[in-house]
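Engineer: Residue numbers for the sequence shown follow the numbering used here, so the first one is 452 and each next one is one higher.
Among the clues, some could well be false.
What follows is a set of in silico ranges between Cβ atoms, one per label pair, in the way DEER data are often shown [stated by the list, open to error]: (1) R769 - R705: 37 to 45 Å; (2) G758 - P694: 29 to 37 Å; (3) A527 - A653: 18 to 26 Å; (4) R769 - G637: 26 to 34 Å; (5) A585 - D773: 40 to 48 Å; (6) D828 - P694: 20 to 28 Å; (7) A653 - R769: 15 to 23 Å; (8) T703 - A653: 55 to 63 Å; (9) A609 - L763: 51 to 59 Å.
Hint data in this document are derived by calculation from the structure and do not stem from the laboratory.
Fair warning: this is a prediction, and the values are worked out from it, not measured in the lab.
We put the beta carbon where it would ideally sit given N, CA and C, even for glycine.
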Amino acid sequence: MTTSTTHAPPGRARATDAVWLPTGAAPVAVGGYVLSGGLFYYGTAGPAAYGPGSEPAVIDPTLPIRRVWLDQETPADRARPRYGDLTPGARAAYLEWLAAGRTGPAPVAHLWLFLAGLERRVLHDLGGGPEGLADYVAIAAEVARLRRQHRRADAFDAQAAEFTALLAGVIALGDPDLTPPDPQPGHASPRLVAGIGRYLAAGQAVPSRWAYAWHAACAPTVLDEADFADRFARSQPDGLRLPTPPQPLVFTYRPVSAGFGERTVTLRTPVPDVRSLDAALATPFGGDLSPRAAAAGALLPLIVLAGADDELLEVVCRHLYDVHHLTGAERVTVDASVRRLGAQAPDLGVVRDRFSALPVADQDEVARLLIATASVDAIVEPDHAQLLAAAFDVLGPGEPDLWRRLRALEVVAVVTEDDRVDTTATVLDEAMVAEALGRAPTTAATVSELLAPEG
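With the hints as extra help, turn the sequences into a complete structure.
Structural biologist: The structure is reproduced here in C-alpha cells:
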C-alpha cells in the first residue's frame, strides 16, 4: 500500500501535547535523566501517523521508569518497540542512552525506537516539504553518525541507508547552496536526480559538474571528467538543455516505525523525474551526428535568423526531430547549436554575401538539402514551403528562387481547390531526397560556414 504524506490523513489529528525538540533545543529532564541534543518527541503521545494506537517514539515524562544496573528488559533486536509499551526498566535503559548523547554501545531496539521518531518527523509532520530543511540536515547528520557508531548492526544500517538516501533527496530539493554529488557510475542518487530536476523545473540549463555526475550515473561508458568538461565547454557552452519529463520525481520509503502501519510512504516532489529521460542524453556529444540530424541542424539556424519566435521554433524543432527520428542526444546537440547561433549570429547581409559567393554547384547542394529536410516522405506541404521560403530569404535568393527550384525538382504537384490559402503540395523524387540527406554532413558544414560569427 502506498500513501502520500504531504498532508495528514483526513480525520487524523497531529499530536498536540507531544512536541518535536529540534537540535539545539533546551534540555529536558525525565525521571532524573537530562536529555539534550533534541531530535525527539517529548510529551503525551498523540495518534500514530497511520493506523491505530499512539505515536511509538514519543518520550512521555509521565510514564514510570525504574533504574536498573543490568538491562534485561529491552526488547529483542528484531522488535520495533513503542516507548509506551516498554517496561519501566527498559524505559530507563533507553533514557540513559539518550542522556549519554546517544553514544556508546546500545541495543538495536534503542536505534529502532529513535529512528521511528525521525521517520515521523520527516515523512509525516514535514512530509518532505521545503520548510523542514534545517531538520532534514540535522537528522541526516545524526543518522550518519549512528551508522558509523553501530556498523555491525546490519539490519539497522540497511534501513538507515535507505532513510539517508531519502533525506539526501529532500535536502537537495531545498538546499540553496546545493552542489553536485560525487560521480557514482551506474547509480543515479536521489540527490542527483532531485538536483537536476530543480534545474529543469526552473527552466535552466544543467551546468557541467551536474551534467558529468548524471553522465557517470547513466552512460554505459564513462568519460574521464576532464575530457567530459572540455568537450562540454565546447559543445554546450551555455549548459545542457534537457527536455522536461512529464512525470514528477517521487521518493518512496518503507518506515520501520510501527506508527506507519506497514505502509510504504510516497513523497511527491515539485520537480520532474529525469530518470525517465533517454540515457543517451547524458552524453550530449557522443560522436558525429547522423546525416538526418545534420540536416535538421542546417535548416533550423536559418529559421532562427528568419525571426521565428520561441513558440514557433519549438514547433518546428519537434516536427523535424520527429520526422527525421533524431535520438535524444542528437536533439540536445542540435538544440545547443541553434542556441549558440542566437548569441553569435552574423548580420544577414554577411550571410547573403557568403551564399552568393559560393559556386553554383554548392548553392544547389544547399538548396536541395534544405528542401529535402523540410519534406515529409518526399512531399513538401504548403506549411513546409513557408518555412523554406523564410530560410531562402535569409540566404538571399528568396521565395521566387525556392519555387523555381521546387518546380524543377517536383515529380508531381498536388493541388487542392481552396480560394483562401495555397494548397499546392510538391512531390519530390525520393532518390533525390535520399541522396541530399545522405550528403547532409558535408552540406551542413557549408551552411555552418555561412553562419559563422564575423571576425
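Engineer: Would you mind marking each hint as holding or not holding in the structure?
Structural biologist: How the hints compare with the structure:
| no. | hint | verdict |
| --- | --- | --- |
| 1 | R769 - R705: 37 to 45 Å | holds, 40 Å |
| 2 | G758 - P694: 29 to 37 Å | violated, 24 Å |
| 3 | A527 - A653: 18 to 26 Å | violated, 49 Å |
| 4 | R769 - G637: 26 to 34 Å | holds, 32 Å |
| 5 | A585 - D773: 40 to 48 Å | holds, 46 Å |
| 6 | D828 - P694: 20 to 28 Å | holds, 25 Å |
| 7 | A653 - R769: 15 to 23 Å | holds, 22 Å |
| 8 | T703 - A653: 55 to 63 Å | violated, 25 Å |
| 9 | A609 - L763: 51 to 59 Å | holds, 53 Å |
In this structure, the earlier hints numbered 2, 3 and 8 are contradicted, and the remaining ones agree with it.
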